[in-house]
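**Q** Protein chains in written order, with my numbering: chain A, 1 to 423; chain B, 1 to 423; chain C, 1 to 423.
Worth flagging that the hints you see were computed from the coordinates, not collected in a lab.
Heads up, some of the hints might be wrong.
The list makes no distinction among identical chains, and a pair is therefore deemed to hold if it is satisfied within one copy or across any two copies.
Derived pair list, reagent style DSBU-like, types lysine-lysine, alpha-carbon separation capped at 35 Å [stated by the list, open to error]:
id, residue 1, residue 2
1, K222, K170
2, K222, K240
3, K55, K240
4, K170, K240
5, K66, K153
Remember, predicted model here, so these are calculated numbers, not experimental data.
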Amino acid sequence: MSTSLRQRIFDELDSLILIDPHTHINALSPASTTLADILGYHYYTELAHSAGMPKDRIEEPGLDPKEKVQRLIANLGPIENTVQYSWLIEMVQVFFGFPDEQLTLDNWESLYDTAAEKMAAPDWADQVLAASKLESVFLTNDFDDPLEGFDTKRYIPCLRTDDLVFHLAKPEVRERLQRATDTQVVDAATLRTAIGKLFDHFVAHGARACAISLPPDFAPAKVDTSVGIVNASVATALNKLLQQGNSASDNTRRVVANFVFWTLAEFCAEHRLPFDLMIGVNRGVYAEGVFQGQDLYDSRVSLIQYRELFNAFPQVTFPISVLASVTNQELASYAWIFPNVVTHGHWWYSNTPTFIEHDAAARLEAVPRTKQIGYYSDMYKRILAKILAERYVVDRSWSEQRAIDLGRQILRGNVDRVFYTKT
Amino acid sequence: MSTSLRQRIFDELDSLILIDPHTHINALSPASTTLADILGYHYYTELAHSAGMPKDRIEEPGLDPKEKVQRLIANLGPIENTVQYSWLIEMVQVFFGFPDEQLTLDNWESLYDTAAEKMAAPDWADQVLAASKLESVFLTNDFDDPLEGFDTKRYIPCLRTDDLVFHLAKPEVRERLQRATDTQVVDAATLRTAIGKLFDHFVAHGARACAISLPPDFAPAKVDTSVGIVNASVATALNKLLQQGNSASDNTRRVVANFVFWTLAEFCAEHRLPFDLMIGVNRGVYAEGVFQGQDLYDSRVSLIQYRELFNAFPQVTFPISVLASVTNQELASYAWIFPNVVTHGHWWYSNTPTFIEHDAAARLEAVPRTKQIGYYSDMYKRILAKILAERYVVDRSWSEQRAIDLGRQILRGNVDRVFYTKT
Amino acid sequence: MSTSLRQRIFDELDSLILIDPHTHINALSPASTTLADILGYHYYTELAHSAGMPKDRIEEPGLDPKEKVQRLIANLGPIENTVQYSWLIEMVQVFFGFPDEQLTLDNWESLYDTAAEKMAAPDWADQVLAASKLESVFLTNDFDDPLEGFDTKRYIPCLRTDDLVFHLAKPEVRERLQRATDTQVVDAATLRTAIGKLFDHFVAHGARACAISLPPDFAPAKVDTSVGIVNASVATALNKLLQQGNSASDNTRRVVANFVFWTLAEFCAEHRLPFDLMIGVNRGVYAEGVFQGQDLYDSRVSLIQYRELFNAFPQVTFPISVLASVTNQELASYAWIFPNVVTHGHWWYSNTPTFIEHDAAARLEAVPRTKQIGYYSDMYKRILAKILAERYVVDRSWSEQRAIDLGRQILRGNVDRVFYTKT
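Work the whole structure out from these sequences, hints included.
**A** The following block contains the structure:
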């Protein structure tokens, strides 16, 4: 297969204006202000730490950003092989005209200063979006985010619900919920009311999705809330959790988590909001790790755990991400069978080229083209172009244009269809 | 590697006359009569449904075949990317001279009529086998199939036993068993007698295999039936199941399922019949799915669950298919170690190019060449040719002829050896 | 990508002098004396047996080596496709000038005689190491190995601990421990003392690692042994095990196994010795298999089972091998996050080209380059060269030299760093 075919398809895909349906951008301060914001991202700090850099060198309180960058640069040698490092180099080459292939103690400082200068431009955030060919990005908003002070057409609210499902035992979470909804939660009915108010608030501010990350052992079970009747075990568990707070038992938490989760799905149905499920993460496995570099997983998870959910909510679209590549075949198969299951991106530990290529190819072959949401990254576009070139143009004799159209739908069309079309 | 090498090997493999060791053909009506029989296959209906086509549009009672085809064609756009769609296009190109690359509302009707005309030929079934270069095909026969009215040398009986193992609680299954064997099942001894008569019947009619599909949580356990003594727990469970029928408990069913399964293995040993195990499917996961489009799986299954079985029946060959690619390495390893474990095809959700290539290559490298049964499909032959070209001719400097011989053995020789050689 | 690029990188990697950090060589008799020693290795006997050769033809007591080789040669036809067979052919080509591509009853005898003659040279073992470009090799020593009579700089002691952890119930194991340490084990304190003496002995003789293979269900749990206090349940279990020996219950064995394992980790910490974990094997699954050809696995294992261990011993480096490729992503992720987790080779059933290529590429992309230990084999070097050529030189525009440097670090540098640098 000619490399030029791959390149031509890539160039077409790369010219598209996209929407990134999953970011952790802070809409009130969307852009980085120094290189420390980029090098401080967990992909770099955790790898530097894994390679031997002590945590306290990275997270020293009051550390000056420039000093932090210098310290990290001094420790990047051992991670030059990683794909994350290659993203960093590409990024600084594109945005700051960095001329080299490696970032070292000999060339970092002028880059730091150039970057700081460029980032100081008042329209820097807009420059970044424009250069990235991004029309808008989805946020990851705390449930009590006021969603004010930014353009919600460009920075799309997304209701992130981990705290509600997994941390309601914490008094501070319940306090935040009370403040956000002006509702005191005393039982299942008031909890439901409060959650309903969150949805009203988010939908009124243009939210396009509800989202949550889930541990491998989570298995939602149907909760019968018909005619306002709440299951007795839910009522009991919720009562205990409200009384006992942080000392509530695992079982109590599990029952409440399931009730909250099921209630979220019901409101997604009511508001026709897609419910993004990010399945498989164990939090805090390496407790002494750096910020956001403590989570890992148990790859023994199955979508069969979501069987009741998918059957109970045919009207809710579930864009699903899985943490481990070994779960990808199940994801492809469940999306092949269930109309409401959609594949969504390549998440975290599966976001490296070997896994993306294997996983994306398997999805393209077996999941309807309307039900696959790609991933916003140059690396992904290159891999997608490779798959389209090899497996469609060469192996199946598709025309280049037909392959490009398929790529466009995966990269952009399905974001529009899934998140912007109310059914 | 030259593409022409791949093509030359493919051409040689494609010229072979094969036996398909696993089909769902109805021997009394082996060929399709309209395109509705093809487009009505679950691969197409379930994908169209997954992409949004309501089930009742597909399964409307009394629906005219031509109308059904038109409706499905109108909904195939979203699945054009899938490998299943490419099989459809290749099929209608080869068999009906369809000239296009896509099947749409603009070109379907003449294809429908052409197909209907060709399919009306009295020797259509034979034409299909000849064009497919198939000498014979294995059937999937219900245990009470009379096996009459067809050529059992061409349509090879295969005793499918899911109903006996997993649905004996249903009164209708027991009635079918009684009618088929003229034996009333009242205890373990009579159940064993009835099963023995089924084997006599099938073997007398040229059956070449016993087969079953198994859920991921099935783990056969040794049942001691020596000297006619039946384990007390089996007797108790069977008695309950006969009394309680559909209301029998899961545990009761499990004990009986295991007894029946073990008994099947004993009769396979007695008759020297291979026992095809298709491991890993959960039935009815999506209850509202279309016909045969409701089954999925939990990929957390291990062949360690079959440890006792493989050890207890060294004289029975077990051709094994696994549903998920993540189980393929175990399959290759177990076939590498156990003389009676043979790899068998690429099943269902693993029957797509990405998985076949990864799985077939792993088997070829580690399992004796005499113990691998390939898969009947053009796609498989192409992938096999690719692996032989890249990994044998190029990487290992094999001659083309030697690679072709290996391919021939995988495609044809081992079917003969495993199913036609009584040891 | 040009094949010549791959070849150039391979040639550079192949010129390196390496240390093999995992072998089963007997230092007192390091080299084979006849072809029977090579063909009698389990890779060949188990495959020949799997393909139909009866075990008693291979393991007949008193069988003459030449006769054994002849018998095996007669049964190698069915395994010619396997990668193991290709290693055999390469080996006899390189070491004994074997001119053919297949080893048959027509050409084996002269090879046998040539080999026997060459192997009889007094410096044969040194010739093999020199031709293999090996500076030294790690051994797999029983805990009671006297470690005398060989050059421990060339044959590096490695304390293998399976017997201590999993077989302490056997009286003969405890007797060996007593003889080796002159310590009678009567409780946790004396057991700890005995283990400490083993470490002293091994470290004094230049041991560079402690090692163990672990079944899939093993999950080490923290044992509090601070201030000499031993958990009561450990004391009870150990007492039972010492009393009951081989009749001790599974639970008793599990508690003791965990105590011994945790104690080993403590001594590794004290002596700054890496602790090689080989995770995932079930022993004796096929009890009738040939010698060393009886073990298989359950691929449902997760590194989350080692969470407490990795957190509790930040000062111990854990070079980790996993048996199944489906665990490789977890291994890469855990090595990406935990500073003390290092990836180690491609073990046993994952030691075939398809799995190595997928697994090695995934590690290279995501694990710091200082934390990956490659694998000593020509096959591995070829695959590594392919990955470096395709994914670094071509995809990332690395210079050839930079790619070669990365390969050198994986093949050699990290063995030095992990096993020879005391932190």
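**Q** All hints, please: hold or fail.
**A** These are the hints, each one checked on the structure:
| no. | hint | in the structure |
| --- | --- | --- |
| 1 | K222 <-> K170 | both (24 Å within a copy, 28 Å between copies) |
| 2 | K222 <-> K240 | both (21 Å within a copy, 31 Å between copies) |
| 3 | K55 <-> K240 | neither (38 Å within a copy, 44 Å between copies) |
| 4 | K170 <-> K240 | within (13 Å within a copy, 44 Å between copies) |
| 5 | K66 <-> K153 | within (34 Å within a copy, 47 Å between copies) |
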